[in-house]
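Trainee: Chains as they are written, first to last, in our numbering: chain A, 1 to 93; chain B, 94 to 617.
To be clear, the hints were calculated from the coordinates, so they are not data collected in a lab. You may find that some hints are simply not true.
Unchecked claim - Some, not all, of what chain A presents toward chain B, calculated at C-beta under 7 Å:
#, residue
1, 37
2, 45
3, 48
4, 49
5, 50
6, 51
7, 54
8, 55
9, 57
10, 62
Unchecked claim - The calculated lysine to any residue pairs, modelled on SDA-like cross-linking and capped at a C-alpha distance of 25 Å, are:
#, chain 1, residue 1, chain 2, residue 2
11, B, 453, A, 67
12, A, 43, B, 327
13, A, 43, B, 99
14, A, 43, B, 320
15, A, 43, B, 314
16, A, 43, B, 307
17, A, 43, B, 406
18, A, 43, B, 416
19, A, 43, B, 411
20, A, 43, B, 323
21, A, 43, B, 310
22, A, 43, B, 410
23, A, 43, B, 302
24, A, 43, B, 403
25, A, 43, B, 250
26, A, 43, B, 290
27, A, 43, B, 312
28, A, 43, B, 322
29, A, 43, B, 404
30, A, 43, B, 326
31, A, 73, B, 99
32, A, 43, B, 296
33, A, 43, B, 402
34, A, 73, B, 400
35, A, 73, B, 250
36, A, 43, B, 400
37, A, 43, B, 95
38, A, 43, B, 383
Keep in mind that this is a model prediction, so the values were computed, not measured. Where is the CB? At the ideal position from N, CA and C, for every residue including glycine.
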Amino acid sequence: MNAFVNRVCATGPLISRIVAALFGGYAIAALASVAVLALPMSKPQAVLTGMLTSFAIYAGAVIWVFAVRSALKAWIGLIVVAVPLALAAWPVS
Amino acid sequence: MSDLHTWVGLLLGWVLYAMFLTGTVSYFKDEISQWTRPELARLVEVPDQAVVAQQIADELANVAPGTSQWSMRLPDSRNNSVYAFWRAPRTAGQRGFGEAQFDPTTGAKVTSRDTQGGEFFYRFHFQFHYMPVVWGRWLAGIAAMFMLVAIVSGVITHKKIFVDFFTFRWGKGQRSWLDAHNALSVFGLPFHIMITYTGLVTLMALYMPWGERAAFNNPAERQQLQSELSAFTPAGKPSGQKVPLASVEDMVRQAQERWGRDNVGRVNVVNPGDSTARVAVTRGDPGRVSMSPQYMEFDGTTGKLLSVRDHVGAAAETRGVLYALHLGRFSDTVTRWLYFLVSFAGTAMVGTGLVMWTVKRRQRLPDPERPYFGFRVVERLNIASIAGLSIAMTGFLWANRLLPTQLQGRANWEIDAFFIIWALTLLHALVRPARAAWIEQLWAASVLLFLLPVLNALTTARPFWHSLAEGDWIFVGIDVTCWVLAWLHAVLAIRTGRRTAASHAKRKACRQPSMTVASNESAV
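I would like the entire structure built from these sequences, with the hints used as guidance.
Mentor: What follows is the structure, given as structure tokens:
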């Protein structure tokens, strides 16, 4: 039992980071691609701008998740970015 | 960060290697397609596109009667056949569209052997095979995203990027692999970033559909976006009133006046033969670094010019340029070769990275003769996906020459042959000792590549000397490229063999300390 707990403690943060990078990163990128619609530009151009930039945002998020000191910090960082994006994306969707 | 680089690089590394190599050869997709249809005479001169367009429009009325939409790509300096596809009424068990190649001189369906040609490598590059197209595209997208992360984390890992670039230590095992990997990566860095990012852009509507879904509520609004991206318009409801199509030749002629004689790309038609018919004649890719739609729209019944589209919005134009940069269709022969070479260096970057994973870990193994399971898996997959892929791709071209021309489903058999050969290389890699498997497969690839021009000479009327005398540079180019690649594989095979001997000697020396000096000398 103790060994199992140790194992979880050892690999848990890593798995947490992988999840944050794969899904958290995608969520941020997707949110950003919708939030762009709030900008003062025509809809088709805004949609395309959102798509074009989303991959850079995704890559940046993944790097961030693995660059910071702890998994917890990685998640906090993602949420800090996600909240304003969600606020911008909410009214336009 | 270095761990991130290692693991994202390794996890989809084999997929990426295959994508990189098949993508690299796809820069010569049209040339490979010509090579795979040796019965079709080369175009000494590009025929008048207007005349060809009319001929094939007439033929399409026979081949695809009652279609709601068809599209043809006109011949140019790289294409000696005209590819056309059309929507077919969807019946049970049938796909909703048909496609065919046409002979530009006669306008009739091509009578050469049934093959996908260069199109196979091109399709495989981003959607693989034996799986639904959408799955393949998602897999390609995930791999590209991993690649993007691998590049960024790679740059962060190798801070001394320029120092590394000028450092090269030959014949030093892991050091050499690392140096090769760094040099290849730094040399092509702008290209690698560009090609990875633009690759994602080509299919971005699939990967990031959320903005589009949020912004548009009905098909009409969605069509606004589509018209920024392509010259294809959806077919409206036909009126049912039969009116023959106006002269396609005249329409293309007007386009030629605008863009140049050989620079018309496609002709797209909706509702041909109906009173609602519309024709869009689009501009070719040469001479502009963008894939954004530029076209002239005509009324299909009167042939009257309705509108000219020659620009799109800023974001759409950005996307058009990124898309064009990825496909490189604007490029002339020299630029195309440059693309090929840098892309080939990118393939080598992925390959050296994969090999390095094993080289690095082998030294730390408690017993190098009996590595742990994961190590062996990586090692074997490396062999089959690097050397094995060379064999399989060459095998595809062999199958193109060897399969009987009357074989039912021939084009699919060529593709099956590719996968069967690839599977056999994996089997071979699993049953043979790793080093022997590397050497044997590299030699096999070398021999197959070297003999391909010989096979071509034996099975077609277009042997090397004949192509050379005729100035048929596509056939000459492919023969010579095969020999260069054969040489490259032979060099790799020889070097792998030498290193094997050297590291064996070294290991023996470690076990018998008294002999250390002597065998180290022989190893160097």
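Trainee: Look at each hint and say if it fits the structure.
Mentor: Each hint tested on the structure:
no.	hint	result
1	37	6 Å, holds
2	45	4 Å, holds
3	48	4 Å, holds
4	49	5 Å, holds
5	50	4 Å, holds
6	51	4 Å, holds
7	54	5 Å, holds
8	55	5 Å, holds
9	57	10 Å, violated
10	62	5 Å, holds
11	453(B) / 67(A)	24 Å, holds
12	43(A) / 327(B)	20 Å, holds
13	43(A) / 99(B)	40 Å, violated
14	43(A) / 320(B)	13 Å, holds
15	43(A) / 314(B)	9 Å, holds
16	43(A) / 307(B)	10 Å, holds
17	43(A) / 406(B)	11 Å, holds
18	43(A) / 416(B)	21 Å, holds
19	43(A) / 411(B)	16 Å, holds
20	43(A) / 323(B)	17 Å, holds
21	43(A) / 310(B)	12 Å, holds
22	43(A) / 410(B)	15 Å, holds
23	43(A) / 302(B)	14 Å, holds
24	43(A) / 403(B)	20 Å, holds
25	43(A) / 250(B)	39 Å, violated
26	43(A) / 290(B)	23 Å, holds
27	43(A) / 312(B)	14 Å, holds
28	43(A) / 322(B)	14 Å, holds
29	43(A) / 404(B)	17 Å, holds
30	43(A) / 326(B)	19 Å, holds
31	73(A) / 99(B)	23 Å, holds
32	43(A) / 296(B)	19 Å, holds
33	43(A) / 402(B)	19 Å, holds
34	73(A) / 400(B)	56 Å, violated
35	73(A) / 250(B)	21 Å, holds
36	43(A) / 400(B)	23 Å, holds
37	43(A) / 95(B)	40 Å, violated
38	43(A) / 383(B)	21 Å, holds
Going through the hint list in order, the structure does not satisfy hints 9, 13, 25, 34, 37.
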